[in-house]
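Can you build the whole structure from these sequences, using the hints too?
If you count the sequence shown from 1, position 158 lands on 158 in this note's numbering, and the numbers rise without skipping.
Each hint should be verified, as a subset may be incorrect.
As the list claims (entries may be wrong) - DSS-like, lysine-lysine: derived pairs with alpha carbons at most 30 Å apart:
#1 K183 x K63
#2 K183 x K161
#3 K63 x K142
#4 K190 x K69
#5 K161 x K63
#6 K136 x K69
#7 K136 x K183
#8 K190 x K142
#9 K190 x K136
#10 K183 x K142
#11 K161 x K190
#12 K161 x K142
#13 K63 x K136
What the hints assert, rightly or not - Label-pair ranges, simulated between beta-carbon atoms:
#14 M84 x T134: 13 to 23 Å
#15 P129 x E199: 16 to 26 Å
#16 S145 x D64: 18 to 28 Å
#17 P87 x S7: 21 to 31 Å
#18 G101 x E40: 33 to 43 Å
#19 S62 x I154: 34 to 44 Å
#20 A37 x Q100: 35 to 45 Å
Simulated from the structure, these hints should not be mistaken for laboratory data. Positions of the beta carbon are idealized from the N, C-alpha and C atoms, including for glycine.
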Amino acid sequence: MNVKISSLAEQTAKCIFIAAVLASFVFFGWRVVTKRAYVEHERAQCEALAVSAALTAAEAVSKDEALAKLVRELGEAEFVTDHMSMPGNNTASVTIGAEQGGFLIRSKAASGWNSRSPQSIEFELRLQPGGEITYKNENDIKRASRIRAARANISNKDPLKEHLFTFPHERPCPAPFTALTAKVSGFSDKTVYILILNE
1 MNVKISSLAE
11 QTAKCIFIAA
21 VLASFVFFGW
31 RVVTKRAYVE
41 HERAQCEALA
51 VSAALTAAEA
61 VSKDEALAKL
71 VRELGEAEFV
81 TDHMSMPGNN
91 TASVTIGAEQ
101 GGFLIRSKAA
111 SGWNSRSPQS
121 IEFELRLQPG
131 GEITYKNEND
141 IKRASRIRAA
151 RANISNKDPL
161 KEHLFTFPHE
171 RPCPAPFTAL
181 TAKVSGFSDK
191 TVYILILNE
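Shown next as structure tokens:
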């Protein structure tokens, strides 16, 4: 009787081991097969956040005199949002610099800590003294146009979450500004999030 129980236990253990090995092969195979789509989505998400963050900062500095004054006094200021509150733990930051009566705005977005294929995208624009926005090249104009078009089609069905752009390292910021995240499609096979100014 003991021999039968022992044999049954060994067979059960072998079956569990084989099932675990097969499951791991399936899991790793699935990750390999889906990696390309995953990376494309990560890049699309980072691009959407980087471009929309720069546009949001341009709107903020053009509409908020306290923010514009702060940047002019400092010459350049970096603003970040809390990645813990961002969708997917993505990070977004903007650096606003005073430049010949206008502003140079550089943004950066990166995948969250839990990404299996971390991506990072940077974007740059200039806000001219008259309020016109200019870009480095034709490709950047197209990227900004896509974000503007996406903003125009935002659905009110999804709740918009607020994010505070403030100085990094929890330093007191005299002129923070807030943005909202909105879910949009057309950038990847899945929806992505963009930032819009919270007015």
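Unsatisfied constraints (hint numbers, rising): 4, 14, 17, 19
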